[in-house]
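*Asks:* Chain by chain, the residues:
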Amino acid sequence: MEIDRVDGRTENQLRPLTFSRNVLNRAHGSARWSQGDTIVLAAVYGPKAGTRKNENPEKASIDVIWKPKTGQMGKEEKECEMILRRTMQSICLLAVNPNTTTSIILQYAGTFVKNSVISKEVPVHSPQNLVIKVTSAALVDAGIPLKHLAGKHVSALVLFVLHDIVYLLTVTGVDAVSVSCGLERSGSVLLDPTKLEEKNMQAFTYLVFPSSVLSVLPEATLQAEVEMNESGVITSVNHGVMSVDGYLQCLERGRSASAKMSDFLRRNLQSRVPNDLSKAGGLRPVPPEKGVFPLDHLHQCDLEKKDYLSCLKTNGHQSEICRSFSKKYLECRMEKNLMAKQDMSELGFGKGNDMDASTKKQ
Amino acid sequence: MTMEVEREEEVVTPGEELGRSSNLIPGKGAYLAPHNRTVYASITGRRTLIQPSPDSPDQRPIVEVTGHKAHGAVPEPGSIVIARVTKVMPKVASADIMCVGTKSVREKFTGIIRQQDVRETEIDKVDMHLSFRPGDIVKAQVLSLGDARAYYLSTAKNELGVVSAESISGASMVPLSWTEMQCSVTGQIEQRKVAKVGA
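So the sequences go chain by chain: A and B.
With UniProt numbering applied, the first sequence covers 1 to 362.
With UniProt numbering applied, the second sequence covers 1 to 199.
Do not rely on the hints blindly, as some may be mistaken.
To be verified - In silico DSS-like pairs for lysine-lysine, Cα to Cα no more than 30 Å straight-line:
id	chain 1	residue 1	chain 2	residue 2
1	A	Lys59	B	Lys125
2	B	Lys87	A	Lys59
3	A	Lys78	B	Lys87
To be verified - Now the stretches of chain A that chain B is said to cover, found in silico as 3 or more residues with beta-carbon under 8 Å:
id	stretch
4	92-102
5	318-325
Keep in mind that the hints were calculated from the coordinates and are not lab data.
Cβ atoms here follow ideal geometry from the backbone N, Cα and C, with glycine treated the same way.
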């Protein structure tokens, strides 16, 4: 049975994805994730000194602030903050930076439609589906160590029958990658539901899976490990009534649907790593071998310097023509103990090269 | 002790398997999962293998992931920090940590130097006001995470203590001895816990 969807998508079709990171200048890490009209921005600040109140100072702390586009923070945002914080605590390596707090600030920036019933702007799509994806991407951008790429965020819309009552179920698996799928009585799956499709739901679950195991090693990863990882669930938050079969079906559908999105995120992250890491702050720069070069505060070699600069000016900044002047300037600096004494041949003034300006002009 | 660095071309993302703990030692940007003794990447970046020196007892190479961007330096027990003294009290001096090792910090970290951690000998006779002054730049070692407010710092080594200070007249001072610094302009001598020069 075909289901007509408001935006014309097929049952298994996701909204177009876009992802970018390092989008904010002042944040230590940031990311922007959009699925269709739903856009979520994440900014990461930290690690900052001290942990939250009543938390273990031997471990790092995660602080989450969810900012709605309009109006005050409500129950939905508070719940989202709590789920996200707990999920991130299981994903981040908290032992690496003890007694510190990493702040994650999320901003929903999607398209809104006017709801005539409650005369309030409501989002076209639910931003919760995107939250963990964008958060883990921002954490990666900030260089915060993670256990996994925040597994797969799967949002599933499921219709199933329990004691002749039709229940609607949303499964939202929360991690780096997010898919929404729905299963109706005929068995057809509805991926990535809109807010309008979601509003009829009577039960839903947030699920977080660890990301699929990839190895850089030539030999294959042990099958037992893969199975353990694939069957694992990081977070599961249930709302409403659902059958065990429906829940298990959602788990199965969620895993298969999110694999492509997991690859999409990995590819995006890998493509943004620069080839030369020394320019990007990854490697320490090498200091100059010559060391310090003191300033001529007492203007002891001003005359030689002016001669050299005027020579450059008259000869169109062709340094080869003014080599004799630069040699005199360096000799002056050596005499006045403004630089280490060394053979001029070591500075490129060999006998063959030692031509004055007049010879060069001829 | 020289270490040979072997650079790999592949880019890894968090959670990617880098090898077994029997073959590799996890370095920066990698972690060891206790449940299966496997080393995984914890940041996005390029994988690097650092070969140990021939005389090293452990001949396993260190695997590191060099990211495009590292998070700001965070003080940890044992690390050497550079801090600016902000407040001196009879029992403690507080300082703002500016550098951890060779890296500057992004966020503000506060440290506390207690009276018993200023020097190794005669710790009960230490006068905090004759050891530090607000504005002094000190080299210290992180003792512990301390409480939620501050890290505990120590200057109880020859190479630790005040490395740069300004006199009352505002000029920079030069060290005379372990406990004295002299103003380069007025010649006035002031008391400090001086760090060993060149250490």
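*Asks:* So, for every hint listed, does it hold in this structure?
*Replies:* The hints, checked one at a time:
1. A:Lys59 to B:Lys125: Judged against 30 Å, a Cα distance of about 36 Å means the pair is violated.
2. B:Lys87 to A:Lys59: 28 Å, holds
3. A:Lys78 to B:Lys87: 39 Å, violated
4. 92-102: Holds, because 6 residues of the stretch 92-102 of chain A bring their Cβ atoms closer than 8 Å to Cβ atoms of chain B.
5. 318-325: violated (count 0)
Hint compliance for this structure: hints 1, 3 and 5 are not met, and every other hint is.
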